[in-house]
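K.L.:
Listed below, chain by chain, are the residues.
There are 2 protein chains.
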Amino acid sequence: MSETRIITISREFGSGGRTIGKMVADRLGLKYYDKELVQAIAEESGFDESYVEEAGEHAPGKSWLAFALGAQSAATPGKGLSMNDFLWTIQYRVINEIAEKEPCVIVGRCADYILRERSDCFDVFIHASTDKKAERIVRLYGESEAAPEKRLADKDKKRKVFYKHYTGREWGMSQNYHMSLDSGYLGIEECVRIIIDASGMKKSE
Amino acid sequence: MSETRIITISREFGSGGRTIGKMVADRLGLKYYDKELVQAIAEESGFDESYVEEAGEHAPGKSWLAFALGAQSAATPGKGLSMNDFLWTIQYRVINEIAEKEPCVIVGRCADYILRERSDCFDVFIHASTDKKAERIVRLYGESEAAPEKRLADKDKKRKVFYKHYTGREWGMSQNYHMSLDSGYLGIEECVRIIIDASGMKKSE
Numbered sequence: 003m004s005e006t007r008i009i010t011i012s013r014e015f016g017s018g019g020r021t022i023g024k025m026v027a028d029r030l031g032l033k034y035y036d037k038e039l040v041q042a043i044a045e046e047s048g049f050d051e052s053y054v055e056e057a058g059e060h061a062p063g064k065s066w067l068a069f070a071l072g073a074q075s076a077a078t079p080g081k082g083l084s085m086n087d088f089l090w091t092i093q094y095r096v097i098n099e100i101a102e103k104e105p106c107v108i109v110g111r112c113a114d115y116i117l118r119e120r121s122d123c124f125d126v127f128i129h130a131s132t133d134k135k136a137e138r139i140v141r142l143y144g145e146s147e148a149a150p151e152k153r154l155a156d157k158d159k160k161r162k163v164f165y166k167h168y169t170g171r172e173w174g175m176s177q178n179y180h181m182s183l184d185s186g187y188l189g190i191e192e193c194v195r196i197i198i199d200a201s202g203m204k205k206s207e
Numbered sequence: 003m004s005e006t007r008i009i010t011i012s013r014e015f016g017s018g019g020r021t022i023g024k025m026v027a028d029r030l031g032l033k034y035y036d037k038e039l040v041q042a043i044a045e046e047s048g049f050d051e052s053y054v055e056e057a058g059e060h061a062p063g064k065s066w067l068a069f070a071l072g073a074q075s076a077a078t079p080g081k082g083l084s085m086n087d088f089l090w091t092i093q094y095r096v097i098n099e100i101a102e103k104e105p106c107v108i109v110g111r112c113a114d115y116i117l118r119e120r121s122d123c124f125d126v127f128i129h130a131s132t133d134k135k136a137e138r139i140v141r142l143y144g145e146s147e148a149a150p151e152k153r154l155a156d157k158d159k160k161r162k163v164f165y166k167h168y169t170g171r172e173w174g175m176s177q178n179y180h181m182s183l184d185s186g187y188l189g190i191e192e193c194v195r196i197i198i199d200a201s202g203m204k205k206s207e
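So the sequences go chain by chain: B and E.
So in our numbering the end of the first sequence lands on 207, straight run, no missing numbers.
So in our numbering the end of the second sequence lands on 207, straight run, no missing numbers.
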C-alpha cells in the first residue's frame, strides 16, 4: 500500500457519505471536494452549476435529452461528442488536476474510477440499508410527494446507470473500492474513524 | 450497532479471507468455523466431507449433476427436493445452531445470508485484485495446468452462481456486508486489525 494522499468517497444517496467525507477531510486538515468540484467543472465547461450537478453523476433523463438536443450544436466542441461526453471529459480533467495539486477528499463523481491509475488513492464506498437511508433523507431534506424509498431508488438508479456507462463497472461492487462500509450499521462517527485509521493518513501540522 | 458475537467472512478465492478469518478468531479467542463447518454438515447429512466441501458453496457442475442423478433416490429426504437443496437446508440449520451456541468466526458458506436476521453478526467481505490473488494461489497451492487467472475465475464464478441461486443476492455487492476490504491493497495483517477494531469485540479472558 503506497502512501495515501487522496481519499475518494462514493456513496449511496442518504447513506451519509458526504457528511463522512467532510468529517474525514476536516479531521485530517485536507481540502474537501464535492460542491467545489461542481463549481470547477461549471467554470471550465461554461455550463450552469445546477446543470453540472445534475448531469455529472446522473444518467440523462428525458428533460436532459431535450435540453441536450437543443443545445448540442452550440455546446459540443467536436463532431460526434455528446454534451454528456463533453462534460465527462471536463470532469475527468478537473479531477485529475485536483489530484495532482494537493492531498484531498473527493466525494462522488466517479473519482474512484477516474483516478484508478494512481497508487496514492484510498477508495471508499458508503452504503446503508433502505430503512436507515429513508430515515436520514426525511430528517435532512424533509418529506416530499414521493415516498422516501422511491426517492432513494430513483437517485441511486441514475448513479448506477451513469457509472456503468462511463466506467464499464457495476456501481457498488465491493471490488471497485479498497473499503466499503455500512454507515447505518456502523454509524457515521465510527465510519469516519475507521476510514482515517485505515488510510494511514495523519493530520499535517 | 448491537454487540457483535459473530463475525462472518465471505471471500474471493485467493484473497486470503480464510487466513484473515483464522487470525481474527485466534486473536479474539473465538471458535473458528471453516473446515469444521464442513465436518458438521457432513456428519448431519451423511455425505462425504469432500462432497460437502464441493457442493456447499459451488454451483453444481457436470460431475456433480451426474453424481446427483445417481444418488438422488437414496439421499433425497423428500419428493422434489434436490440433493443440493437438501444440503442447503442442513447447512442452514448447522450454521444457525453454531451461531446460537457461542461467539465465533464463520468463513464462507453464505453465513452472511443465513444469519441475516440476527443483529449480533458483523459481516465482512474480502477481495483483492486478480494480480494479487493469482500471486497468492500460486505461492500457496503451486502451479497447475490452468493459468491462475482461470482458476480464480472458475472458482469465484461457482461461488457467485451458488450464492445467487440460494440467496437471490449478487455475490460481492458491498450492500450485502457491513464491511468490505481489499486485502491486496491493505495487506492481510491490516485487514485483521481493521476487522477486530470495527467489530468492537475484545478478547475474552
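Calculated directly from the structure, the hints in this document are not laboratory data.
This structure is a prediction, so every number in the text was calculated from the model and none was measured.
Don't be surprised by glycine CBs; every beta carbon is placed ideally from N, CA and C.
Any given hint could be a false lead.
Each computed DMTMM-like pair below joins lysine to aspartate or glutamate, with the alpha-carbon atoms no more than 20 Å apart [claimed, not checked]:
#1 E:K162 x B:D122
#2 B:K157 x B:E59
#3 E:K134 x B:D122
What the simulated footprint calls covered on chain E by chain B, stretch by stretch (three residues with Cβ under 8 Å from a Cβ of chain B suffice, anywhere in the stretch; the number is not a length) [claimed, not checked]:
#4 176 to 184
#5 190 to 201
K.L.:
Look at each hint and say if it fits the structure.
P.N.:
Evaluated hints:
With a CA separation close to 31 Å, the supplied pair E:K162 and B:D122 exceeds the 20 Å bound. Of the pairs offered as hints, the one joining B:K157 and B:E59 holds, with about 10 Å between alpha carbons and a cut-off of 20 Å not exceeded. In summary, the hint linking E:K134 to B:D122 is supported, as the alpha carbons are separated by about 18 Å, within the 20 Å threshold. Interface restraint, the segment 176 to 184 of chain E with chain B: holds (8 residues with C-beta to C-beta distance below 8 Å; minimum three).
Restraint check on the segment 190 to 201 of chain E versus chain B: 4 residues with Cβ-Cβ distances below 8 Å, three needed, restraint holds.
Figure legend: structure checked against the earlier numbered hints; the only hint not met is number 1.
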